[in-house]
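Engineer: Sequence:
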Amino acid sequence: MPGNQPVTRSTRMAGLLTQPLIPSPVINWILPARLRNKDHNDVVFIGERRIQIKEALPSGHLQDVVEKSDLEGSLIGAKVINVSTQLPWGTGAPSSLLAQSYNPYDTDYLPPHILFLATDSNELIFMYYSEVGDGPFVSYNRPLPRDVNIADKYGRHIAVDPKSRAVAVSASRNFFGVLWLKPPSELQRQMAQGKLNPLESETFLQVDGDILFMEFLYPKDNHDKRTILLLIVHNLETTRSMVFEWDEASMLNRMGPKLTSTPLPRQDQLPSMVIPLAKESSYLLITTNSMAMYTPNCSSRPMRYPSIIPDAESSEAGLWTRWARPSRNWMYSQRYDGIFLCQEKGWIYYLEFGNDGELETQTSLGQLHCDVDTAFDILDMGHEGGDFIIAAGSQGDGGLFVQEARDHPRCVQRFLNWAPVPDAVIIPSNSPAVSKENTYDYDRLFVGSTSASGNGAITELRYGIEAQIGISASLGELSSIRSMWAMSFGAKDSIYLLASDPLSSLLLRTTPDMRDGITALEDDSGLGIQQTLAMDCTPSGIIVRVTERAVHFFVPTDFTLNSCVEHDPHVFVTAAIVDGPSSTVIMTTRSKEGIFLHLLRIVTTEGSPPSLSDHESLSYPLQKEPICMSYQTWGGIGFIFLGTSDGTVLSFEVYNETGRMTQHADTLIDIVDNPEDMTKTIESLAVIHTLSDDGIHAFLFCGLRSGTLVPFEIDTNIVDDHGDPGFGFKCLKQRAPHDLGKTSINLKSYDKFALFTCGDDFWRVSYGPDGNGFDYFLSRVWITDQNCTQQLRHCRNGQLLVCSLEQEAKVVPRRIDIPGNPSKLTYSNHLRSLIITYSVAQVGNQERPLDLSRTAYVEFVDPDTQSPVVPNDMDLVYRGLLPWRPHGVPGEKITCIFDWMPQREGNAYHLIAIGTSISLPNKPNNRKGRLMLIQASRDANSPEQITCIDKHTQSFDHPVYAMAACQDSLIIVSGKKFFTVSSRNSQTKWVRNITATLPSPAVAMTVQGSMIYVTTSRHSLVVYKIADGDILMHGFDPIARDGLSHTLMRGYGIEPDVLFVSTRGGATRAFTNLDLPGDLIPCPTADLPVSLIKLTRGIKSPDALTTTKTFYGFGINGSVYRLLPLDAKEWHLLQLLLKICLRDEVICPSMSRRYRYLDAISQVENNMHIDGNILGRLASRDSKHLDEILTACSRSQFKDMTPETVHMFFMAVEDVLGAQANHTQALFSWLRKLLHVEI
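Positions 1 to 1239 (UniProt numbering) are the ones given, in order, by the sequence shown.
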């Protein structure tokens, strides 16, 4: 990767950098909202702290557009405000509010919707997407009153008036407010200027009781001017419907609405949903056992309907969780109001209400087969044959479903969800000996994923570019493909593909929609069947193909014009390239006369076969035989690069107008510490380039046969004979090479990025998101299949895969299905296998379906497997068809698992220790525990199979919560006591009764030397010391916190050990000086928005830091954080940079002024914590933005930022990176390298 190498120095930790690597996959809301303009059919996916805009394509799929993740608080409410000229409930008549004034602005390019959000930081946000301003999102923040109890702060409920006249927000009890919006014409005027200030006035009111629901009701018709707000309030064991009405004639007095309060019948006291109906200002109140329709004037006499039981085999109705109103045409909306109703298990019903508000039809549509408790809506995609349903839940996958008439819902796109996460583990990609020198090694992240359906999974969280399979086809006998080309002749015309192996070639044809599949063309195409060296298409539509003996021309529109130009019988083409846009063929030939480079022009005459120009004047003798080549045309100058077998790059410059060719100095690849047997043969070449204000920035990449990628920066800034700056080839500047494997690298370039393969791995090299020409980045490309959730890691021989390639890097999960819900996950280096524990629910009595018993199982899983885990069937085990696996008795839960390698007398043994908790019959509050020691090994006859036997079982009076190895013994925590387990001839001797006890049950334990570090469930960290065979209290955290996990960073030499401890509430703290007795003082401390249930050490650290240690934290919501220790100079530089970012309202738009200038700065200094999320926002922009901020500091535009601050910042840059000509550019390269994700 590019960038300067950091200066070598001490790596003692002085600060901590936390970086959010993977956001939570949980989708809380999915809202159809055209936030860009009316022509983009956008859908907004809203998570805890992330907003994604996707566009619904005519093909029936959703495509990623843009993402926003710089919110300061978690989102707790989301709605859409319609500011267009048509009512959202489909009367077809223009809104009276819009009709009052003429709108002079062209609304075609303005978004018809605004996003309305509530955050847990007591704030409302109004937002839309705009190309005007600093963008891309324009937002307006409204802080809410803070004079309520913290637990009852505003934002619990939000609602939007159907006529977009007002929005409402409430606390969980007692208080609510109505915020009146400006007319849509005024909002559109603001949006045309890239601004937003939607509020006209506010009204805050009070009620007594818990606010269960809040919704605006629809007016009776377009002439009804009332604004009607419904609250369902519970107080003193009574639930009431409270209807507030504002008449348009009395809008000036908005503080005194008309109130109608009515107690609800007992069967409607605890509703699960309230649905406003578009007819008669009525609303539907739904419970698990009833469904009733109320109107404001007749709330005491509801119209009651029988409950819906979707499952014919179930006697219970289940919980209805979500509803949605589909888009219908004007005639339908005049007669009916249609509602989709969804149950938590995915059952869907369609209800139709007539003009009088009565339920007329009720239709069962089937089941979505996914958990639906968060997001559900109907997407209008212009599909006349049915509706598109989008649904998601907090557990399990969501999806886009098509619901066609008289058919069950069919999933067309999945939204993968690996949350909740009970446990996680990190394993190396290759060998355990991973270092900074082995750059192709990376961390592999595996998490356990539970599901509401009871069938969980092991999910590998990968990051990179997704290539989703659209179609696959067999290539028959063409099994050893070396190269492939594709040509397209327009959006609706044919696509030609040519695949070539060392002996032959195959020409294929398909269409962009691929409805007719892929067909092979007959041999009469005129292209021949020999191996192809190069191929492309000219602007006139002629396919040009170069073989060892000839140049073939294929004219798809007229086969009679196909032709072939054969070479001299004694001339052989060794390498070639066809540049279609310039109609140029470049090739190298070998003959008795020597090796030559030729540049030929393709000549086309109407009605005549294509031919080649006389190329005598454009031939150049070569001293070395090339293997591969690359050609680029920039303006009137062409650049030819040739790669040879000894690692030499030959460079040529071609002046297109004159045809003059100039050879420049050869460049020899330099690999430091290159083994003598390592070949430098250049197998492929690729060039990527981008334009900026100061010219063209380009990189040349050399793919070596040894699996090394060597980058060169192409310097095109020259000085002409008069001393003036000009454009031309100057030199190649080599950057640091990348060792990516042991097999050849095959490169293909596509302007601003290049794709390449190395063995089974697929990669992309590209510029950063802003197209900065000074940096490039490597990203893995993962091939996926929507029809198969497992990764297609190895392409089958003879298979052609046509994939859609995403533009941006993202999470690409891979799933291994498990026949139960996982609980614990670890990795055995000895077995090279994941070890997963999972539980299976079983119904003991069919007459009492809620009486479930769970049985825990242990399974060994290959990390690279593509197959789901086979259920543990004891009958098959007894018959010898399945290997025996450890399992518990019904009601027994596996609480911890430990991969143990004890050593005795120079010999190492492998055991798997399992701790359990057993529920006692009729004593739910009393539990016992067991310890099981399992010996596992790979079968000698079938190495892919793992066999295991039970070596030892020991019972305890309390559950076994944690365990750790101490030399050849095992320390166990059962209840609040320590126990030791060792063999009879163990060299470690222990006292019979351990002195120390725990203040609360342990959740994690680590033994290092004579020290024992224990994180407890109620008292954070406690440190014990081993002395004379006993365990004694040594130190503790004086602040009692609910502990979750910890991980140890070993110190070497004079550096002390550091223990990272995560607790509930999101705090992750680092403890040093662990060997000192007494109180433990944490520093640094990171307060994260999510609690990390698992901390674990990684294998590979970023090259940009001096540290060799990296750590990962996993949240139960599926999010992943990276924790990076910083030395003193790295900490000093990043904290200066973070303080500068905190002042910038573009980087941190949601911060209050007090927090921006006081609280945030003091937290950075006191906690020694760097928020990588803020640095990531800066890195996503360009260095010019940082230059602008520094210029503002130099002009003292910030009250506490002066020119001295800028000077101090530049000195900090040089302390870390050395002397630099451009400090901000060097810092950006280093920062992007630091934050780049490789998992």
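There could be a bad hint or two in this list.
[Said to hold, decoys possible] Capping the alpha-carbon separation at 25 Å, the derived lysine-lysine pairs in BS3-like fashion look like this:
1. Lys1025 <-> Lys976
2. Lys977 <-> Lys951
3. Lys923 <-> Lys951
4. Lys989 <-> Lys923
[What the hints assert, rightly or not] Cβ pair distances, simulated, as ranges:
5. Arg146 <-> Pro999: 33 to 39 Å
6. Gln663 <-> Glu1145: 34 to 40 Å
7. Pro306 <-> Arg335: 19 to 25 Å
8. Pro883 <-> Pro1149: 55 to 61 Å
9. Pro1149 <-> Ala841: 45 to 51 Å
10. Asp1028 <-> Asn829: 29 to 35 Å
11. Ser488 <-> Trp884: 52 to 58 Å
12. Arg938 <-> Asp1087: 56 to 62 Å
13. Pro136 <-> Met1211: 31 to 37 Å
14. Leu236 <-> Pro999: 37 to 43 Å
No lab work stands behind these hints, which were simulated from the structure alone. Glycine included, each C-beta is placed from N, C-alpha and C at the ideal position.
Engineer: Each hint needs a verdict: does it hold in this structure or not?
Structural biologist: Hint-by-hint comparison with the structure:
1. Lys1025 <-> Lys976: holds, 16 Å
2. Lys977 <-> Lys951: Holds, because 24 Å separates the two Cα atoms, which is no more than 25 Å.
3. Lys923 <-> Lys951: Distance ~30 Å between lysine 923 and lysine 951 Cα, so the pair is violated.
4. Lys989 <-> Lys923: violated, 37 Å
5. Arg146 <-> Pro999: 33 to 39 Å: Holds - the Cβ-Cβ distance for arginine 146 and proline 999, about 36 Å, lies within 33 to 39 Å.
6. Gln663 <-> Glu1145: 34 to 40 Å: violated, 54 Å
7. Pro306 <-> Arg335: 19 to 25 Å: Cβ of proline 306 to Cβ of arginine 335: about 24 Å, so the range 19 to 25 Å holds.
8. Pro883 <-> Pro1149: 55 to 61 Å: holds, 57 Å
9. Pro1149 <-> Ala841: 45 to 51 Å: Since the Cβ atoms of proline 1149 and alanine 841 sit about 46 Å apart, the hinted range of 45 to 51 Å holds.
10. Asp1028 <-> Asn829: 29 to 35 Å: holds, 33 Å
11. Ser488 <-> Trp884: 52 to 58 Å: holds, 57 Å
12. Arg938 <-> Asp1087: 56 to 62 Å: Cβ of arginine 938 to Cβ of aspartate 1087: about 45 Å, so the range 56 to 62 Å is violated.
13. Pro136 <-> Met1211: 31 to 37 Å: holds, 35 Å
14. Leu236 <-> Pro999: 37 to 43 Å: holds, 41 Å
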